[in-house]
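Those protein sequence lines, which keep their order, are chains A and B.
Going by our numbering, the residue at position 256 of the first sequence is 254; the numbering climbs one at a time, nothing skipped.
Going by our numbering, the residue at position 139 of the second sequence is 991; the numbering climbs one at a time, nothing skipped.
Misleading hints may appear alongside valid ones.
Calculated lysine to any residue pairs in the SDA-like style (CA-CA distance at most 20 Å, straight line) [what the hints assert, rightly or not]:
1. K874(B) x K203(A)
2. K203(A) x S911(B)
3. K18(A) x E885(B)
4. K198(A) x E885(B)
5. K203(A) x Q942(B)
6. K18(A) x Y983(B)
7. K18(A) x K874(B)
A few chain A residues that don't get close to chain B, going by computed Cβ distances all over 10 Å [stated by the list, open to error]:
8. V10
9. L13
10. A34
11. F35
12. A150
13. V155
14. S191
15. Q195
16. R249
Rather than coming from a laboratory, the hints here were simulated on the basis of the structure.
Idealized CB from N, CA, C, for every residue including glycine.
If you want the building blocks of each chain, they are given just below.
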Amino acid sequence: MSENEREFRRLVNGLTIDAKPDPAHRQRLGQQMLQAFELAASSASWTPRWAAPLGKLSIAKLAVAAAVVVGAAAVLYQLRGPADVVAADLVKTRQAMQKMGWVHVVTTRGQEVETRWHNLAANRVFLTTAQGAVICWDNGSAQQQLVYNPRAKTLTVDSLPRRGFSGSGSVFTVLNSILAQRQQNAATVETYSDASQGRKLRVFKAEMKPTGDAEPAATRVVETIMVDPETGLLLAGSTDHLGSGGEVLARETFEVDYPRTGPAGVYDLGVPAATRIIDRTQQPIGTPTDIPTPAPTGE
Amino acid sequence: MVGIMTKPLERTGYDDLVVQAKSQAAALGRLYELYYEPILRFCIHRLFNRALAEDVTSSIFLTVARTIRRFDGRTERDFRAWIYTIAANQANAHIRKSTRRRRLLQAAVAPQAADGSAPAPWRSLDWPTLYEAIRGLKPEHQTILTLRFFEGMDYDEIAAIVNARPGTIRVTLHRVLRRLQRLLQEDLGGDE
Chain A
-1 MSENEREFRR LVNGLTIDAK PDPAHRQRLG QQMLQAFELA ASSASWTPRW AAPLGKLSIA
59 KLAVAAAVVV GAAAVLYQLR GPADVVAADL VKTRQAMQKM GWVHVVTTRG QEVETRWHNL
119 AANRVFLTTA QGAVICWDNG SAQQQLVYNP RAKTLTVDSL PRRGFSGSGS VFTVLNSILA
179 QRQQNAATVE TYSDASQGRK LRVFKAEMKP TGDAEPAATR VVETIMVDPE TGLLLAGSTD
239 HLGSGGEVLA RETFEVDYPR TGPAGVYDLG VPAATRIIDR TQQPIGTPTD IPTPAPTGE
Chain B
853 MVGIMTKPLE RTGYDDLVVQ AKSQAAALGR LYELYYEPIL RFCIHRLFNR ALAEDVTSSI
913 FLTVARTIRR FDGRTERDFR AWIYTIAANQ ANAHIRKSTR RRRLLQAAVA PQAADGSAPA
973 PWRSLDWPTL YEAIRGLKPE HQTILTLRFF EGMDYDEIAA IVNARPGTIR VTLHRVLRRL
1033 QRLLQEDLGG DE
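Construct the complete structure from the given sequences, taking the supplied hints into account.
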């Protein structure tokens, strides 16, 4: 060792930095690593190098394939516990959110911004858009949909839509989607720690198959959600719709907070009190315009 | 004061573990237990920020888990060189793409001033100053410096990790230290 090195060694010996591991990170990463190992094993399509010369023989191929399948199954069985850690954590997040009275979500898609208030107890959702539209889906006692059109200045009362999940539980759609795909081994989930504005975060990054509401050309969807490690509550996230070349076709981000109260009705969200109401729930089934008329015979 | 210098891992008898870890989760788990702390420490000394170091450590071990089946080595020495290569590459990649590094660095080391016991002529040197100077080096040179002085590796081991000859490492290290001295003297307002 040169004098130069010895001198530098003495120098750094005189300093100190905290490199003590955090047991929680150590344990969490250990579980994630075994989970990643399991996923790699379950999708293994490799053939051991020693088996390559034997590959020409069909029986040998079968034997190698069987060995791989048995090995992968054994690893899967052995690691079933760690594999469920991520799912268990996501379920805990859902449970933590369910205990909250209100969930307030601001979603941004390009220039579009939507704000939702989910009243979990009453099973009611209020939505406002940047253009001033206000929608309420009351899946609770009223079982109706209210839509305020800021251009027409009308408030339409209608029955709930038959399609789409508009209940207050829709706030769990992202979590449920990850859990469902994970159950089918269709999602890989990585977790890591991060910090933002002095706040610790636990991040779940899930790469999944596109679902029905994804961009048509998307081949993959990456959901990234950030959770408060102490409360387990979902705080923010993003959805990236990726094309076949990995390019981002569409992106939306959302931020979540948990206010004590929220709007009691659409009028709290800026709908003018004098707005004309169109009540379609009172319209009898089969109005004259709906009645088929016979085609003219030409007689 | 706790010294930051660490001796090289002098372990033998783990060669079987490396072979088993390619197919057995339990063996991989044992390797993880052996290497978690050294790799985290390496990342802290390369990235200067605990949260970032934990993230990169996570990324390193997840890479190991996904690719260990394709790992050619059969000894612990092979594995050690392999995992430190992954660590060095990922830390360097992070440093290159991180535009926030300066702020992170300042935030990370600000509360960790030296206790003033460093030997002369560096009595006024502290971590922020040293890290600022190290930042002035190329990422590859930072890696060599970290492996040598914070991980206590010999030239052969470092050479295996950075894919160079031991003699090259020795010469490079000599030059890096001279460059670092110059940077430190500039930082401390001294004359070259």
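Hint check results:
no.	hint	result
1	K874(B) x K203(A)	violated, 25 Å
2	K203(A) x S911(B)	holds, 12 Å
3	K18(A) x E885(B)	holds, 14 Å
4	K198(A) x E885(B)	violated, 25 Å
5	K203(A) x Q942(B)	holds, 19 Å
6	K18(A) x Y983(B)	holds, 19 Å
7	K18(A) x K874(B)	violated, 29 Å
8	V10	violated, 5 Å
9	L13	violated, 5 Å
10	A34	violated, 4 Å
11	F35	violated, 4 Å
12	A150	holds, 48 Å
13	V155	holds, 50 Å
14	S191	violated, 6 Å
15	Q195	holds, 13 Å
16	R249	holds, 19 Å
Hint check: violations occur at hints 1, 4, 7, 8, 9, 10, 11, 14; the rest are consistent with the structure.
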